[in-house]
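Q: Read off the chains here:
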Amino acid sequence: MTNPYQPIPATILKTIDETPTIRTFVLKPEQEVPFLAGQFIELTVPGVGEAPFTPSSSHFQREQLEMTIMKVGRATSALFELKPGDVLGVRGPYGKKYPLERFEGREVYIVGGGVGLAPLRALFLALTHEIGKYKRILLRYGARTPADIVYKDQVKEWQRMDRVDVDLSVDVSDERWTRKVGVVTCLMDEIPCDVKTSVAVVCGPPIMMKFVTQRLLDAGFAGENVYLSMEKNMSCGVGQCRHCRVGPYLACKDGPVLTWDQVKGVEDPFA
Amino acid sequence: MTARAQWLSALLAQYSVFVPAIVEDRVHWHRLESAELGGDGDNLTPALRRIRAAEPVKSFLFTSREKVATFPERLEPAEPKVQVLFGVKSCDLLPIRVHDRIVGEGEFQDPFYAARRKNTILIAADCPVPEDSCFCTLLGLTPYATEGADIALSVAGDGYLVETLTERGEQLVRASGLFQTATDVHVARREEERKAALEALGRINPKPWNPDLPRAIAAKMSDEAFWRKHAATCVECFGCLMACPTCYCFLLFDKAKEKGAERTRVWDACYQAAYTRVGGGANPRGEFLKRFANRFECKWKEFKNDHGFYACSGCGRCLTVCMGKIDIRNVLGEL
Numbered sequence: 001m002t003n004p005y006q007p008i009p010a011t012i013l014k015t016i017d018e019t020p021t022i023r024t025f026v027l028k029p030e031q032e033v034p035f036l037a038g039q040f041i042e043l044t045v046p047g048v049g050e051a052p053f054t055p056s057s058s059h060f061q062r063e064q065l066e067m068t069i070m071k072v073g074r075a076t077s078a079l080f081e082l083k084p085g086d087v088l089g090v091r092g093p094y095g096k097k098y099p100l101e102r103f104e105g106r107e108v109y110i111v112g113g114g115v116g117l118a119p120l121r122a123l124f125l126a127l128t129h130e131i132g133k134y135k136r137i138l139l140r141y142g143a144r145t146p147a148d149i150v151y152k153d154q155v156k157e158w159q160r161m162d163r164v165d166v167d168l169s170v171d172v173s174d175e176r177w178t179r180k181v182g183v184v185t186c187l188m189d190e191i192p193c194d195v196k197t198s199v200a201v202v203c204g205p206p207i208m209m210k211f212v213t214q215r216l217l218d219a220g221f222a223g224e225n226v227y228l229s230m231e232k233n234m235s236c237g238v239g240q241c242r243h244c245r246v247g248p249y250l251a252c253k254d255g256p257v258l259t260w261d262q263v264k265g266v267e268d269p270f271a
Numbered sequence: 272m273t274a275r276a277q278w279l280s281a282l283l284a285q286y287s288v289f290v291p292a293i294v295e296d297r298v299h300w301h302r303l304e305s306a307e308l309g310g311d312g313d314n315l316t317p318a319l320r321r322i323r324a325a326e327p328v329k330s331f332l333f334t335s336r337e338k339v340a341t342f343p344e345r346l347e348p349a350e351p352k353v354q355v356l357f358g359v360k361s362c363d364l365l366p367i368r369v370h371d372r373i374v375g376e377g378e379f380q381d382p383f384y385a386a387r388r389k390n391t392i393l394i395a396a397d398c399p400v401p402e403d404s405c406f407c408t409l410l411g412l413t414p415y416a417t418e419g420a421d422i423a424l425s426v427a428g429d430g431y432l433v434e435t436l437t438e439r440g441e442q443l444v445r446a447s448g449l450f451q452t453a454t455d456v457h458v459a460r461r462e463e464e465r466k467a468a469l470e471a472l473g474r475i476n477p478k479p480w481n482p483d484l485p486r487a488i489a490a491k492m493s494d495e496a497f498w499r500k501h502a503a504t505c506v507e508c509f510g511c512l513m514a515c516p517t518c519y520c521f522l523l524f525d526k527a528k529e530k531g532a533e534r535t536r537v538w539d540a541c542y543q544a545a546y547t548r549v550g551g552g553a554n555p556r557g558e559f560l561k562r563f564a565n566r567f568e569c570k571w572k573e574f575k576n577d578h579g580f581y582a583c584s585g586c587g588r589c590l591t592v593c594m595g596k597i598d599i600r601n602v603l604g605e606l
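Residue numbers (this note's numbering), protein chains in the order written: chain A, 1 to 271; chain B, 272 to 606.
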């Protein structure tokens with residue numbers, strides 16, 4: 001019998017500073033962690049604590065795991081003190097993957113805010129790895145300032161890819177910013193895809209998710225085609241401890257990605 | 272030595288044995304020591320005719336603190352010694368089914384729980400004298416066990432009348448060599464006592480609850496006045512949740528050790544302000560009223576919808592420990 005609470009060691013190979021408060025940790029776990037885009041992992045900072053994160057790397061490349069993490073609390077502050085060569089713990093993967101088979105042949109409209117682009121990058125990389133299966137990938141990403149944009153170099157590459165359409169906005173611009181200024185919904189005045197058949201995928205801070213979801217529904221997306229990252233306090237990760245309950249669902253077991261149709265009956269789903 | 276003491280003595284020779292005992296007029300679990308069975312009689316008579324012990328049975332299976340992982344060295348679960356819970360009540364058994372569903376079964380079975388569960392012998396005792404705090408019958412249970420234990424026992428004179436419910440129970444009874452086939456008179460007396468207990472519970476709780484609590488609770492969730500009224504005297508001590516035999520919420524916390532780290536699982540309480548708080552500070556149930564209502568939604572709506580039975584056995588521990596004298600029967604009875 002395996003012990004679901006036992007992490008395995010994972011060595012930090014490299015860290016990449018994405019923004020002043022967001023860092024990507026490149027990890028090499030002792031054993032392969034067979035995650036699929038959308039699933040999450042419990043990351044242990046030894047002796048400090050554990051928190052759930054969704055890998056931001058491609059699930060076609062599993063020997064290394066990339067986690068893009070914002071420094072916000074006790075565990076993440078301790079994590080930011082660690083250096084390449086240090087050892088963390090990981091357990092998982094947990095939760096449900098994005099149902100990529102349902103995305104085939106369709107346009108995929110992805111909307112991210114801030115560090116919310118991390119799990120969406122895993123999705124984006126999985127989609128573009130087999131781009132022939134999908135009609136088109138549209139990515140809309142908003143950050144607070146140009147300096148707060150994560151994966152800056154990669155975003156530039158993505159903009160040049162075939163069948164991929166990327167647009168960015170910042171809440172507060174600087175003198176070199178040439179794109180739109182405003183919260184990410186300012187990129188959604190026009191949604192250049194067939195909203196009746198497309199799927200939308202959203203991840204970002206709760207308030208952003210709320211307004212983006214409203215905009216998508218107004219634009220004509222069906223609730224079953226709107227996929228939302230409903231990350232909560234997923235403590236055990238395995239559907240037992242109950243901290244992450246969202247209405248009739250447990251974010252760790254039934255999510256963390258749930259559709260609007262699943263959460264629309266929940267009181268204040270974006271609280 | 273009486274036959275009763277002989278049986279306990281035989282169990283004690285092989286296992287850890289826990290029995291209900293009276294301490295300051297309350298029933299508490301007590302670890303049986305062989306000295307208590309010495310001499311020519313039993314110095315300790317288990318309080319089998321009283322209601323359930325103050326401590327929930329989860330304390331024996333899903334302990335309040337348990338080391339569940341070490342790092343980087345892996346923690347391998349040890350095989351615990353077999354324990355006998357001698358005198359559990361019907362309202363102690365349903366909560367074990369709750370824990371079985373959550374941590375005892377499925378893809379992510381908890382090996383610490385599973386090992387203890389396997390190594391626990393459950394000997395149930397009838398509950399002939401219900402008290403005012405009891406309401407097992409409102410949940411569809413009976414004050415005696417018909418399943419979920421290895422043996423169902425009732426006190427018959429200075430002996431025990433037993434009914435074996437599992438193969439393991441049957442073997443235990445046979446191996447003792449102390450039992451003879453019960454007479455119709457014994458069985459009839461047990462049935463009479465069971466009937467009287469049911470009638471007493473009917474007098475204690477004359478009004479049945481709404482038969483569709485999940486729907487009734489769903490309809491009340493946004494009725495702030497309703498929850499405010501019932502939560503008015505709550506002091507947020509979490510006593511009801513700790514004493515509750517079905518509550519299974521837990522928290523994993525990590526601590527640095529001299530070499531590496533250690534992870535402990537502790538009981539948690541959904542009334543804690545930080546219960547749903549995430550790293551970034553968002554807290555979906557930051558207001559206490561939402562947490563208060565959540566307890567009812569969890570036990571009598573979500574659990575029922577997910578598993579087909581309520582996560583409540585009517586043991587009454589929550590209202591017995593409540594400093595604010597909140598009786599959940601008043602809350603649920605109003606739905």
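Just so you know, these hints were derived from the structure itself, not from any lab. A portion of the hints provided could be inaccurate.
[What the hints assert, rightly or not] Straight line, CA to CA, 27 Å or less: simulated DSSO-like cross-link-like pairs of lysine-lysine:
1) A:Lys71 x A:Lys97
2) A:Lys83 x B:Lys389
3) A:Lys28 x B:Lys561
4) B:Lys530 x A:Lys14
5) A:Lys28 x B:Lys491
6) B:Lys338 x A:Lys253
7) B:Lys389 x B:Lys338
8) B:Lys528 x A:Lys28
9) A:Lys180 x A:Lys97
10) B:Lys575 x A:Lys253
11) A:Lys71 x B:Lys500
12) B:Lys491 x A:Lys14
13) B:Lys528 x A:Lys71
14) A:Lys264 x B:Lys561
15) B:Lys530 x A:Lys96
16) B:Lys530 x A:Lys210
17) A:Lys83 x B:Lys530
18) B:Lys466 x A:Lys264
19) B:Lys528 x A:Lys83
20) A:Lys264 x B:Lys338
21) A:Lys210 x B:Lys389
22) B:Lys561 x A:Lys253
Remember, predicted model here, so these are calculated numbers, not experimental data.
Q: Next, verify each hint and record whether it holds.
A: A quick look at each hint next to the structure:
Straight-line distance between C-alpha atoms of Lys71 (chain A) and Lys97 (chain A) comes to about 25 Å, which keeps the hinted pair within the 27 Å bound. The hinted pair formed by Lys83 (chain A) and Lys389 (chain B) fails the criterion: a straight-line CA distance of about 44 Å is larger than 27 Å. Of the supplied pair hints, the one linking Lys28 (chain A) and Lys561 (chain B) is violated, its CA atoms being roughly 41 Å apart against a limit of 27 Å. For the hint linking Lys530 (chain B) to Lys14 (chain A), the alpha-carbon distance of about 25 Å falls within 27 Å, and the restraint holds.
The suggested pairing of Lys28 (chain A) with Lys491 (chain B) is violated, with an alpha-carbon distance near 49 Å, which exceeds 27 Å. A threshold of 27 Å between alpha carbons decides the hint, and for Lys338 (chain B) with Lys253 (chain A) the separation of about 24 Å falls inside it, so the pair holds. Taking the CA atoms of Lys389 (chain B) and Lys338 (chain B), the gap is near 19 Å; set against the 27 Å cutoff, the hint holds. Proximity of Lys528 (chain B) to Lys28 (chain A) is assessed by CA-CA distance (about 24 Å); at most 27 Å being required, the pair is judged to hold.
Distance restraint check for Lys180 (chain A) and Lys97 (chain A): the Cα-Cα separation of roughly 32 Å exceeds the 27 Å cut-off, and the hinted pair is therefore not satisfied. The straight-line distance between the Cα atoms of Lys575 (chain B) and Lys253 (chain A) is roughly 18 Å, inside the 27 Å bound, and the hint therefore holds. In summary, the hint linking Lys71 (chain A) to Lys500 (chain B) is not supported, as the alpha carbons are separated by about 41 Å, beyond the 27 Å threshold. Of the pairs offered as hints, the one joining Lys491 (chain B) and Lys14 (chain A) is violated, with about 52 Å between alpha carbons and a cut-off of 27 Å exceeded.
Distance hint between Lys528 (chain B) and Lys71 (chain A) is fulfilled; the C-alpha atoms sit about 24 Å from each other, no more than 27 Å. Simply put, Lys264 (chain A) and Lys561 (chain B) have alpha-carbon atoms about 18 Å apart, close enough for the 27 Å limit, and the pair holds. Between the alpha carbons of Lys530 (chain B) and Lys96 (chain A) the distance comes to roughly 35 Å, so the proposed pair goes past 27 Å and is violated. Between Lys530 (chain B) and Lys210 (chain A) the CA atoms are separated by roughly 45 Å; this puts the pair beyond 27 Å, and the hint is violated.
Between Lys83 (chain A) and Lys530 (chain B), the direct Cα distance comes to roughly 19 Å. Compliance with the 27 Å bound is thereby established for this hinted pair. Restraint check for Lys466 (chain B) and Lys264 (chain A): the C-alpha separation of about 48 Å exceeds 27 Å, so the hint is violated. The straight-line distance between the Cα atoms of Lys528 (chain B) and Lys83 (chain A) is roughly 20 Å, inside the 27 Å bound, and the hint therefore holds. For the hint pairing Lys264 (chain A) with Lys338 (chain B), the CA-to-CA distance comes to about 39 Å; that exceeds 27 Å, so the pair is violated.
Between Lys210 (chain A) and Lys389 (chain B), the direct Cα distance comes to roughly 47 Å. Violation of the 27 Å bound is thereby established for this hinted pair. Taken as a hint, the Lys561 (chain B) and Lys253 (chain A) pair is honoured in the structure, with Cα atoms around 23 Å apart against an allowance of 27 Å.
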